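**Student:** Respectively, the protein sequence lines represent chains E and A. Position 44 of the first sequence, counted from 1, bears residue number 45 in the numbering used here, the numbering being contiguous throughout. Position 160 of the second sequence, counted from 1, bears residue number 164 in the numbering used here, the numbering being contiguous throughout.
Don't read these hints as lab results, they were simulated from the structure. Please note that the accuracy of each hint is not assured.
Ranges of calculated distance between the beta carbons of each label pair, as one might list FRET restraints [to be verified]: (1) Thr162/E with Arg242/A: 31 to 37 angstroms; (2) Val159/E with Trp115/A: 34 to 40 angstroms; (3) Val233/A with Leu109/E: 53 to 59 angstroms.
Just some of the chain E residues that point at chain A, by a computed CB distance under 8 angstroms [claimed, not checked]: (4) Val149; (5) Met153; (6) Ser154; (7) Leu157; (8) Val159; (9) Leu167; (10) Val171; (11) Pro174; (12) Leu207; (13) Gly215; (14) Leu219; (15) Glu222.
Owing to the predicted nature of the structure, the values given are computational and were not obtained by experimental measurement. Ideal Cβ placement from N, Cα and C applies to all residues, glycine included.
Below are the chains, spelled out letter by letter.
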Amino acid sequence: MWADAGLVAGKDLRIEFRSRVALNQVLPFSFVVLVLFAFALDPDRGILERAAPGLFWVAVLLTSLLATQRSFAVEAADGNRDGLRMSGLDPAGLFLGKAGAVAAQLLLLEALLLVGVSFLYGIALRSFGLLALTCLLATLGLAGAGTVYGAMSFGLRVRETLLPLLVLPVLAPVLLAATRSFEAALGGAPRETFGWLGLLAAFAALYAVVGLFGFGPLLEES
Amino acid sequence: MTTTTTSTSTARRASSLLGWASLILVGATVGLGLVLPKTQEQAEYSRLIAVHPPAAWASYVAVGVAAIAAIGHLVTRRASWDRVTIASLEVGAVFTAITLATGSIWGRPTWGVWWEWDARLTTEALLLAVLLGAVALRRSLAPGRGRAVITSVAALATVGLLPVVHFSVQWWRSQHQVGTLLSPDPASNADNPYIVAMLLGFVAFTVAFAWLVVQRVRLEALEEAYDEVILDRAITDRRAEARPTTEVPA
Chain E
2 MWADAGLVAG
12 KDLRIEFRSR
22 VALNQVLPFS
32 FVVLVLFAFA
42 LDPDRGILER
52 AAPGLFWVAV
62 LLTSLLATQR
72 SFAVEAADGN
82 RDGLRMSGLD
92 PAGLFLGKAG
102 AVAAQLLLLE
112 ALLLVGVSFL
122 YGIALRSFGL
132 LALTCLLATL
142 GLAGAGTVYG
152 AMSFGLRVRE
162 TLLPLLVLPV
172 LAPVLLAATR
182 SFEAALGGAP
192 RETFGWLGLL
202 AAFAALYAVV
212 GLFGFGPLLE
222 ES
Chain A
5 MTTTTTSTST
15 ARRASSLLGW
25 ASLILVGATV
35 GLGLVLPKTQ
45 EQAEYSRLIA
55 VHPPAAWASY
65 VAVGVAAIAA
75 IGHLVTRRAS
85 WDRVTIASLE
95 VGAVFTAITL
105 ATGSIWGRPT
115 WGVWWEWDAR
125 LTTEALLLAV
135 LLGAVALRRS
145 LAPGRGRAVI
155 TSVAALATVG
165 LLPVVHFSVQ
175 WWRSQHQVGT
185 LLSPDPASNA
195 DNPYIVAMLL
205 GFVAFTVAFA
215 WLVVQRVRLE
225 ALEEAYDEVI
235 LDRAITDRRA
245 EARPTTEVPA
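Working from the sequences, and respecting the hints, build out all of it.
**Tutor:** What follows is the structure in structure tokens.
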């Protein structure tokens, strides 16, 4: 399982490294979102500063949607779907590989986006350990749930429009918990983050289980 | 052809009995709700207690039943489980919408706003979005084994939201009151006639939910049978069409 996961994740990351879609399209997109928020909320420092954790996570959520769609779009061309089915790779490994590659890209994007938020919205970053832990747990949840729903809408002609409807409401708890955790960490109340981190971990674990057991049937039937 | 005759007659008597029972029970709930005494703070609107919590309860039951049926389908791969899953998801979406609508009607005079960004309301609205998403997913898939499996996984992924909806009131400071019935503090329990109306509502909405699911399952079975008949007919027609041309001179 782990070897297969490594293979799949390596392949996806190699594709991203060569095509630079994440770096050249997804990252600029997330910065555009940050700038749009500033337009919408009137660049009055007060509002932006207070809303920064939430805005950061909304930007991450939209970014994760793009990353997930991209992760399955590369499998949609040239009958790759059948290739994956016939490859004999362990479906659980496939899930871990796909989700792992998405998570790795998201973590990198989040790090850059965090710099962007701090720069654009004038936020002083602190308690880096808690911020990093929040990012890690939230990203595992985002990548896991995204990959499950990506596989669900994989074979559909309407997948571009259906995936956001399916996955965004499901990801709402991640948005909420990660935002509160960030608020607490940035506001200097590290103890308050623990409950939210627990919720993030539970969410990630739930979708990891759904993915590990559900990916096989989904891939076979989609 | 035999499939059509058996599915039109599935559990006719039992389901009509269930239908009458739900009609009478829902009627009684509404009747009792309308004669409830007014409370001082909420006047007429306190009577919504007869329908609002029961509708929310029915939406939970629907998601639970959908998840159980989904597991049933994934384990046994039987089409009947799949029908229950989609029926439950659809009926659940209806009850979730009723919950939001009655809550909103109550919120306007009581809280002064139609919508409050409150934990319970927001999570229940999310539940509606997730259910609508699952139904949309189902509808964009072609009938068959694949559709059933994907619907099952979608239903299982939905059930994870239930604890979030239910405990949201305790997890976050919320305007929405915490559960009334199971509250350990007897002083916070609502007065007796309200409890009776609400309990009757729970029973009535559960029975109504069951009846709606039975009807939806029958409809799904009929649709599947119809698809089969149409396909059979198309194949027969095509064969009949092809027969003369088989005698093409060599």
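**Student:** Determine for every hint whether it applies to the structure shown.
**Tutor:** Hint by hint, here is what the structure shows:
no. : hint                                       : verdict
1   : Thr162/E with Arg242/A: 31 to 37 angstroms : holds (35 angstroms)
2   : Val159/E with Trp115/A: 34 to 40 angstroms : holds (38 angstroms)
3   : Val233/A with Leu109/E: 53 to 59 angstroms : holds (55 angstroms)
4   : Val149                                     : holds (6 angstroms)
5   : Met153                                     : holds (5 angstroms)
6   : Ser154                                     : holds (7 angstroms)
7   : Leu157                                     : holds (5 angstroms)
8   : Val159                                     : holds (5 angstroms)
9   : Leu167                                     : holds (4 angstroms)
10  : Val171                                     : holds (6 angstroms)
11  : Pro174                                     : holds (6 angstroms)
12  : Leu207                                     : holds (5 angstroms)
13  : Gly215                                     : holds (5 angstroms)
14  : Leu219                                     : holds (6 angstroms)
15  : Glu222                                     : holds (3 angstroms)
Every hint, counting from the list given before, is met by this structure.
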